[in-house]
Amino acid sequence: MAEAIDIRELNERIERHSSFVTNLVTGMNQQIIGQKHLIESLLIGLLSDGHVLLEGVPGLAKTKAIKTLASLIDAQFSRIQFTPDLLPADIIGTMIYSQQDGEFISKKGPVFANFVLADEINRAPAKVQSALLEAMQERQVTIGNETFPLPKPFLVLATQNPIEQEGTYPLPEAQVDRFMLKVVIDYPKLEEEKLIIRQNITGKEADVRPILRTNDIIDAREIVRQVYIDEKIEQYIADIVFATRYPEKYNLKELKDYINFGGSPRASINLALAARAFAFIKRRGYVIPEDVRAVAHDVLRHRIGLSYEAEASNVTSEEIISRILNRVEVP
Amino acid sequence: MNRNFLFLFIFLCFSLYGKAQVTVDVSIDTLLIRVGEQTKLHLQVSMDAGASCDFPQFADTIVAGVECLEESKPVTTELNGGKRLLVSKDYTVTSFDSGHYYLPPLEVLVDQKPYQSRQSLSLKVFSVDVNLSKPNEFFGPKDIMNAPFVWEDWALVFWLSILLIPIIGICLYLIIRYRDNKPIIRHIKVTPKLPPHQKAMNEIKAIKSEKVWTPEDSKEYYTKLTDTLRNYIKERYGFNAMEMTSSEIIEHLTNEPDDQAMDELRELFQTSDLVKFAKYNALINENDRNLVNAVEFINKTKVEVDPAELNKKQELTVEEKRSRSVKLSLLGGIVILSLLSISILIYIGVTLYELCF
Chain A
2 MAEAIDIREL NERIERHSSF VTNLVTGMNQ QIIGQKHLIE SLLIGLLSDG HVLLEGVPGL
62 AKTKAIKTLA SLIDAQFSRI QFTPDLLPAD IIGTMIYSQQ DGEFISKKGP VFANFVLADE
122 INRAPAKVQS ALLEAMQERQ VTIGNETFPL PKPFLVLATQ NPIEQEGTYP LPEAQVDRFM
182 LKVVIDYPKL EEEKLIIRQN ITGKEADVRP ILRTNDIIDA REIVRQVYID EKIEQYIADI
242 VFATRYPEKY NLKELKDYIN FGGSPRASIN LALAARAFAF IKRRGYVIPE DVRAVAHDVL
302 RHRIGLSYEA EASNVTSEEI ISRILNRVEV P
Chain B
1103 MNRNFLFLFI FLCFSLYGKA QVTVDVSIDT LLIRVGEQTK LHLQVSMDAG ASCDFPQFAD
1163 TIVAGVECLE ESKPVTTELN GGKRLLVSKD YTVTSFDSGH YYLPPLEVLV DQKPYQSRQS
1223 LSLKVFSVDV NLSKPNEFFG PKDIMNAPFV WEDWALVFWL SILLIPIIGI CLYLIIRYRD
1283 NKPIIRHIKV TPKLPPHQKA MNEIKAIKSE KVWTPEDSKE YYTKLTDTLR NYIKERYGFN
1343 AMEMTSSEII EHLTNEPDDQ AMDELRELFQ TSDLVKFAKY NALINENDRN LVNAVEFINK
1403 TKVEVDPAEL NKKQELTVEE KRSRSVKLSL LGGIVILSLL SISILIYIGV TLYELCF
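Taken in sequence, the protein lines are chains A and B. Taking our numbering, the leading residue of the first sequence gets 2, the next gets one more, and so forth. Taking our numbering, the leading residue of the second sequence gets 1103, the next gets one more, and so forth.
Any given hint could turn out to be false.
Unchecked claim - Here are some chain B residues pointing at chain A (derived, C-beta under 7 Å):
id, residue
1, T1347
2, S1349
3, E1353
4, D1375
5, G1435
Stated by the list, open to error - Each computed EDC-like pair below joins lysine to aspartate or glutamate, with the alpha-carbon atoms no more than 20 Å apart:
id, chain 1, residue 1, chain 2, residue 2
6, A, K283, B, D1127
7, B, K1321, A, E139
8, B, K1175, B, D1127
9, B, K1381, A, D231
10, B, K1326, A, E235
11, B, K1381, A, E139
12, B, K1321, A, D231
13, A, K153, A, E174
Note that these hints are calculated values from the structure, not bench results. For each residue, glycine too, the CB sits at the ideal point set by N, CA and C.
Take these sequences, add in the hints, and give me the full structure.
Structural data, given as structure tokens:
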């Protein structure tokens, strides 16, 4: 092969710096049986600085996966259990009067951590969910008149139950768009289920120790940012997102009535970022169409607004994305 | 002196008389008419301007035996530079009894003062002599005569009838096309269908001969080469290779028995991915090797086509899917032509009825 210095050098750097990926995956596999896609998605969020929303019925190890990931990294971790009576101040903090100093001081909430697990986020009303907005987007929190930056890295990993379940509030569109990925978790396979039983009835918990520091994550993110995206891949990403907005231009006229609104420019950005992180996980210094396709469902599924016609016809965003991916020409 | 006063008196009297002079004249077109024949009485009044005139009005008869059929409106003419007026009125008269009638002077009211015409008239009415001894000489009324043939009367009907024939023909044609769900004009394109491998080989030849490929052109070179291969795979194996990634295509071809061909294809796709997405500049000999790999893959996987089948030209009709708008325009054409035909038919029918009956 001829020389392509930058990519080759980048590949070597990725090879050197991505060894922690294997360790993280191994560490998580000790706790979580199966759910390879879930683990990969969490890593993508971690490496591309994007928040992750996990959706699945109770008992699929959503919370456990996040807790395990947080435990494998030497970082501050906090868990917020969202309930219907939760208040915004319970998340971001509040001003309290200090008798000792004779003045109001800021009491920081649990959001001030590297990893925030927003457990069952859709159990709280919209105003509480929105309290996370500023934190997720601006990476800062305002309490009273004071604005506090959040620690780096800062990652919100939220779980939610399917909205059909009782006692849940659908996330506002503005907030759901701020999650880079929405990962839908399915039941484990039969063999995996047997392993889960075996692992859990022994009563022994595998010891989870931190194997990574926050600085390693920040360094890895720096390398991920250098992963090369060719113009052809950018075009491919733009085509996919445009197809969600104007399906008729991509010979997908039948989808037009099913889509109320397509992916925003944030969808394109996140698709590119997630594809980069995926390429990094695969130890590659450049993005190929496979990377885009691998993350497309997780990036787009919560960004496509379905119409009443789609709901009446039982057409899901998953089907729409699949049809788009099968129609848009790969470079 | 007395003589002068007498002249003055006479002058004044004549002046007053002249100022108030009204003359009424009556005349008749003919004094001799047959029974039932009509003639006109002309009554003229000459009077000063500004005076009002009332003509006599006859309810039925002027005198016994002479009937007034119609009265014209009075016609006024100015005389002497507008100082005098001449008002005239006509009366149409007739009589149904033979005889000699005396028409007395007619009386006109001018400024409510009666004036009689200066003339009285007579009217002689006579009957037609009939020789009762020769009844053969009696003739009944003549038959209705047929109007002569005038081409101008028939020309429009004739030309509209001629026009109607193609209109009805087109309308029927459109109805049949609409019923059969076919376009107005059928496009037929006759193209020889090349087998996928031959098509791919032609494209590869074209890539090869297009220009001298340098390492800087690698991206374009591999894009063309892989597009050709993906198109070949799409047509040869029948799956949408153009919308698949390299690994997905390889995965779909796992059943292909020739391992070497698959290895070569895999290598080609890997190189092309590196070139297209990782700024990799392939060497010229690498390009050549991959081109040979592509040709070999095609040769190893091609399906031979019967030469006779190849020579047979296949008729390809352009997809005749009817768009909604075309169908609507077809329907609109049928409606318009039908209405036009009906209108022309009605016009022809009415005109023929008028001409014939």
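Hints, verified against the model:
1. T1347: The hint holds - T1347(B) has a Cβ within 7 Å of chain A, the shortest such distance being about 5 Å.
2. S1349: Holds. Min distance 6 Å.
3. E1353: violated, 11 Å
4. D1375: holds, 5 Å
5. G1435: violated, 27 Å
6. K283(A) x D1127(B): Violated, at about 132 Å.
7. K1321(B) x E139(A): violated, 40 Å
8. K1175(B) x D1127(B): Judged against 20 Å, a Cα distance of about 17 Å means the pair holds.
9. K1381(B) x D231(A): Holds, at roughly 8 Å.
10. K1326(B) x E235(A): holds, 19 Å
11. K1381(B) x E139(A): Measuring from Cα to Cα gives roughly 35 Å; hence the hint is violated.
12. K1321(B) x D231(A): Holds. K1321(B) to D231(A) sits at ~11 Å (cutoff 20 Å).
13. K153(A) x E174(A): Violated, at roughly 26 Å.
When the structure is compared with the earlier hints, violations turn up for hints 3, 5, 6, 7, 11, 13 and for no others.
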